[in-house]
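Asker: Using my numbering, read the sequence shown as starting at 18 and increasing by one per residue.
One thing to keep in mind: the hints can contain errors.
As a list, the in silico DSS-like pairs of lysine-lysine whose alpha-carbon atoms are at most 27 Å apart [said to hold, decoys possible]:
id, residue 1, residue 2
1, 27, 311
2, 311, 322
3, 209, 293
4, 287, 22
Note that these hints are calculated values from the structure, not bench results.
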Amino acid sequence: MIIKKVGHSKSILKPFDLLGNDETALSKAFSYTLANEPKALFTFLQFLGVKNKFTEKNLKEVSINIEKVRDEGRTDIEIKNLNKFHIIIECKVRKNKVKKQRTQYIKSFDKNSKIQNILCFITQERDANIQKINDITIINLSWLDIIDIFNNKNLINKSIVKDFLEFSSRNYKMNTLKEILIQDLSDKTEMKRFKEFFIYKRDETFGTPLYFAPYFTKNAEQQEGEGIPYLSKVLGVLTLKPEDIDLFEENLHQFTDDKDLIKKWVDGVKLKQSDKIHTYYFLDTPLKLNKNLKKDGGIKTGRGKNWIAAAIPKNRNVSFEEFAKRMML
Numbered sequence: 018m019i020i021k022k023v024g025h026s027k028s029i030l031k032p033f034d035l036l037g038n039d040e041t042a043l044s045k046a047f048s049y050t051l052a053n054e055p056k057a058l059f060t061f062l063q064f065l066g067v068k069n070k071f072t073e074k075n076l077k078e079v080s081i082n083i084e085k086v087r088d089e090g091r092t093d094i095e096i097k098n099l100n101k102f103h104i105i106i107e108c109k110v111r112k113n114k115v116k117k118q119r120t121q122y123i124k125s126f127d128k129n130s131k132i133q134n135i136l137c138f139i140t141q142e143r144d145a146n147i148q149k150i151n152d153i154t155i156i157n158l159s160w161l162d163i164i165d166i167f168n169n170k171n172l173i174n175k176s177i178v179k180d181f182l183e184f185s186s187r188n189y190k191m192n193t194l195k196e197i198l199i200q201d202l203s204d205k206t207e208m209k210r211f212k213e214f215f216i217y218k219r220d221e222t223f224g225t226p227l228y229f230a231p232y233f234t235k236n237a238e239q240q241e242g243e244g245i246p247y248l249s250k251v252l253g254v255l256t257l258k259p260e261d262i263d264l265f266e267e268n269l270h271q272f273t274d275d276k277d278l279i280k281k282w283v284d285g286v287k288l289k290q291s292d293k294i295h296t297y298y299f300l301d302t303p304l305k306l307n308k309n310l311k312k313d314g315g316i317k318t319g320r321g322k323n324w325i326a327a328a329i330p331k332n333r334n335v336s337f338e339e340f341a342k343r344m345m346l
């Protein structure tokens, strides 16, 4: 791993990047974030259904352990308040599945303690199942759930939370739940960035959709006309200042082996540079649709359900199924 490149004054890596990109690295980054940002910790506890208000006293009573060795095995993360709750978290990334761990750690809980016991599995597979075994609540979450929990106005301004979101989104391609992102596109520069350089630029955000579909507005005055004329696969996402794009060469090569495409991307990021940090979606060659897909018109209540209508909200994602239906109309 190159920490700092020749010709640059400092490294663009954050401390989390030094952990690597396996499931151990992600669980350590997550646990460290919980341990160092109280609001993140108590937001997560609340999401799990733990009844424990955020006070200085309650914070000091919480312990967080990683890789604790028990007779039943080595746990990834344990969060505990001796008088209120005990949480064991098992983390998986990519296609790794939770198998024997579903029952492996049941014996690790003190059934006579009369505190809240939770066994939580975090994977990249969508699984909202909640079970109870011997008064132990078993909760299944996806990493995108974690990103959604942290990606709110009360946490996003915390540097460690922001670093975790960037690290997890960049290294683990968190695209299990978000299928096709649809956003309005009308700015002339951004239109050129998409059509000529296969880049979509937006304000900082986290999480990665599988595909991106731009909606060319009427004011864009494009030859394709109004609507969605293209669909592009999202090969990777980076959040950066344009001047730093050359430092992310290794990441770009992880997205594709096509050197010409990488050069196109770099030129696209540098198009009309600014000194602000933005999120960039690096796209495969856009596929031209047989016809433009349009928003639901009219004023009828419920229009745009599972689709789009009027002004498209930020982070509007639709399913492949709905997208395909619209193509068949």
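Asker: Evaluate each hint against the coordinates.
Answerer: Tested hints:
At roughly 47 Å between alpha-carbon atoms, residue 27 and residue 311 are farther apart than 27 Å, so this suggested pair is violated. With a C-alpha separation of about 13 Å, the suggested pairing of residue 311 with residue 322 holds against the 27 Å cut-off. For a cut-off of 27 Å, the pair hint linking residue 209 to residue 293 stands: about 19 Å separates their Cα positions. Pair hint residue 287 plus residue 22 holds up; C-alpha atoms about 19 Å apart against a cutoff of 27 Å.
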